[in-house]
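*Asks:* Sequence:
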Amino acid sequence: MNQQIRVRFAPSPTGYLHIGGARTAIFNWLFARHYKGIFTLRIEDTDRSRSTDEFLNLIIEGMKWLGLDWDEGPFRQTDRFDVYKNYAGRLIKEGKAYYCCCTPEELERKRQIAVASGLPMKYDGKCRDLNIKPAYMSTALRFKMPQEGQIIVNDLIKGHVAFENSQLEDLVIIRSDGTPTYNFVVVVDDIDMNISHIIRGDDHLNNTPKQIHIYEAFASKMPQFAHLPMILGHDKSRLSKRHGATSVLAYKEMGYLPEAIVNYLARLGWSHGDQEIFTKDEMIEYFSIENIGKSAAVFNPEKLLWLNSHYIINSNPLRLAGMVLPFLIQKKIVSEDQDIDIKWLSKAVNLLRERSKTLDELANSLRYFISDSVEIDPKASQKFLTTEGIKYLSEIRDSLSRLQDVSAAEIEKIFTDLSKTHNIKLGAIAQPVRVALTGGTASPGIYEIIEIIGKEKTIKRLSKAIEQLGKGFS
RNA sequence: GGUCCCAUCGUCUAGAGGCCUAGGACAUAGCCCUCUCAAGGCUAAGACACGGGUUCGAAUCCCGUUGGGACUACCA
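Add 148 to the 1-based position in the first sequence for our numbering, that's all there is to it.
Think of the hints as simulated: they come from the structure by calculation, not from any bench.
Glycine included, C-beta positions come from ideal geometry on N, C-alpha and C.
Where hints are given, some of them may not hold.
Unchecked claim - The calculated label-pair distances, taken between Cβ atoms and stated as ranges, are:
#1 Arg503 - Lys561: 20 to 30 Å
#2 Lys491 - Gln152: 43 to 53 Å
#3 Ser436 - Thr251: 42 to 52 Å
#4 Gln151 - Leu267: 54 to 64 Å
#5 Ser547 - Asn462: 29 to 39 Å
#6 His182 - Lys369: 45 to 55 Å
As the list claims (entries may be wrong) - DSS-like mimics (lysine-lysine), calculated; alpha carbons at most 27 Å apart, straight line:
#7 Lys233 - Lys306
#8 Lys479 - Lys428
#9 Lys270 - Lys389
#10 Lys270 - Lys281
#11 Lys306 - Lys281
#12 Lys212 - Lys244
#13 Lys539 - Lys505
#14 Lys491 - Lys608
#15 Lys306 - Lys495
#16 Lys241 - Lys281
#17 Lys369 - Lys384
#18 Lys612 - Lys539
#19 Lys241 - Lys274
#20 Lys369 - Lys400
#21 Lys442 - Lys495
#22 Lys389 - Lys495
#23 Lys212 - Lys270
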């Protein structure tokens with residue numbers, strides 16, 4: 149047996165968990181679960197000015213909602229500064245890092261000049277051999293990057309990628325305020341946490357040669373790298389807020405199911421033949437880095453919506469009823485203290501399942517099942533609550549009031565009998581009833597609706613519709 | 001500007017030199033089913049960026065062009 153698989157997801161709490169981050173997390177999680185390895189969560193919060201606990205909590209909430217459980221962590225880099233100091237000390241002792249006293253203004257000026265003359269914008273190494281001693285202020289610690297030869301990144305997705313060492317600059321590993329920087333802490337943590345595979349966005353591919361040199365400076369075993377292609381917006385630029393919702397939790401609020409998000413994101417860049425729908429277990433079983441594509445993918449909200457409706461259709465109505473409840477409360481269809489029969493609710497949910505693409509939609513459709521009265525759409529009323537329609541309405545009402553067993557089957561009998569006696573299509577009766585009961589022209593089967601709404605409420609609504617015409621409202 | 005990555009229907013993708021008159025899915029259109037709306041079923045339209053090689057044979061390999069993207073911080 150080879151060494152244990154250990155991967156990590158390392159978000160920085162400078163924002164909520166977004167779609168791209170979630171996909172990286174999913175791939176890491178899938179990889180760990182597939183190989184029965186360890187998935188660790190690490191919080192990269194070395195940028196203290198931009199990191200907040202609020203974002204951290206939101207990220208954790210998002211992970212939990214998606215069902216991405218981790219085995220170790222969350223570790224916070226701000227808790228590990230002594231570790232980084234230690235590692236940095238080793239580098240200094242071995243002459244692999246040096247202090248730099250260049251000012252930001254000076255560096256910026258040099259960058260300008262480099263751009264103007266078409267040279268790479270890299271640090272010129274001014275302080276490299278000056279042997280500067282650390283001062284209280286304004287000395288940063290830089291890593292001595294090799295300046296000759298090539299470095300090959302052997303990436304599990306991108307293949308062999310070569311970089312010229314001369315393109316790499318002596319990056320700052322400890323800021324002048326004493327805090328360590330990303331490219332350094334990443335390596336230290338991955339060494340310290342014994343990470344075997346680094347699966348991350350390919351926006352980090354250019355950082356990888358620098359990081360490899362740091363690994364080498366510590367004579368550490370090299371992890372395997374796998375750089376995932378980016379997720380793009382519809383205009384093919386990197387997915388961002390201007391393309392719409394990018395926060396995972398925003399999708400929760402819009403009424404998406406976590407399994408739809410996970411399925412969609414997993415399929416974005418990864419595939420298993422022609423299969424589109426995967427259970428979690430299937431994904432874990434089939435997942436393989438080999439089947440991850442190399443090219444960036446455009447995020448397609450429509451396909452996500454389709455997957456969501458698929459999962460809603462195939463969800464247990466009782467579970468859906470529980471999930472839709474917060475939406476009903478938020479819409480004030482149900483009051484917070486209202487005692488609602490979840491079993492009864494699930495019957496209505498059952499009818500609405502295949503007509504709702506989101507829980508939000510589902511909640512809206514539930515309104516006419518739950519509310520006492522229904523608001524009738526004027527257009528629908530005009531079309532179906534005609535003199536003729538009203539006539540059928542009252543006949544249905546009469547038959548219904550005589551009915552003992554208010555079941556869909558019995559109700560159907562009433563409707564079909566009536567259509568036969570008048571020699572008219574079922575729709576001529578069903579549509580007016582539908583309008584009277586639901587307020588609109590589109591709904592689940594009318595017999596089932598009546599069964600769920602119940603005899604009393606149905607008759608009340610039919611009567612109200614009949615009265616409205618009598619008052620000249622049409 | 002420099003470095004690096006990428007390139008099959010509108011979108012996600014299958015495709016590891018002959019199985020490809022390029023398959024599936026979303027979206028779109030039509031039909032069927034039908035009490036409406038959905039769901040479901042069937043059908044249609046729709047792609048190998050371009051140019052050179054290599055090969056008996058290329059979507060698949062190589063080179064170039066073009067186009068997109070990422071990185072280029074004392075951010076991560």
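*Asks:* Per the hint of 20 to 30 Å, is the separation of the Cβ atoms of arginine 503 and lysine 561 within bounds?
*Replies:* 25 Å Cβ-Cβ, so the 20 to 30 Å window holds.
*Asks:* Between lysine 212 and lysine 244, is the straight-line Cα distance small enough, at 27 Å or below?
*Replies:* Roughly 41 Å separates the two Cα atoms, so the pair is violated.
*Asks:* Would the pair lysine 212 and lysine 270 pass a check requiring their Cα atoms to be no farther apart than 27 Å?
*Replies:* Violated, at about 41 Å.
*Asks:* Holds or violated: are the alpha carbons of lysine 241 and lysine 281 at most 27 Å from each other?
*Replies:* 13 Å, holds
*Asks:* Checking one constraint from the list: CA of lysine 479 to CA of lysine 428, max 27 Å. Satisfied?
*Replies:* 32 Å, violated
*Asks:* Hinted pair, alpha-carbon criterion (27 Å max): lysine 369, lysine 400. Please report holds or violated.
*Replies:* Status violated; Cα separation ~41 Å.
*Asks:* If you draw a straight line from the CA of lysine 442 to the CA of lysine 495, is it 27 Å or shorter?
*Replies:* 46 Å, violated
*Asks:* Lysine 539 and lysine 505: Cα distance at most 27 Å?
*Replies:* Cα-Cα ~36 Å, so violated.
*Asks:* For the hint 42 to 52 Å, verify it against the beta carbon of serine 436 and that of threonine 251.
*Replies:* Between serine 436 and threonine 251, where Cβ atoms are some 49 Å apart, the hint holds.
*Asks:* Assess, step by step, whether the Cα of lysine 369 is no farther than 27 Å from the Cα of lysine 384, and give holds or violated.
*Replies:* 37 Å, violated
*Asks:* Does lysine 274 lie within 27 Å of lysine 241 when you go C-alpha to C-alpha?
*Replies:* Judged against 27 Å, a Cα distance of about 20 Å means the pair holds.
*Asks:* Are serine 547 and asparagine 462 spaced within 29 to 39 Å by their CB atoms?
*Replies:* 36 Å, holds
This entry does not satisfy hints 4, 6, 7, 8, 9, 11, 12, 13, 15, 17, 20, 21, 22 and 23, going by the numbered hints stated previously.
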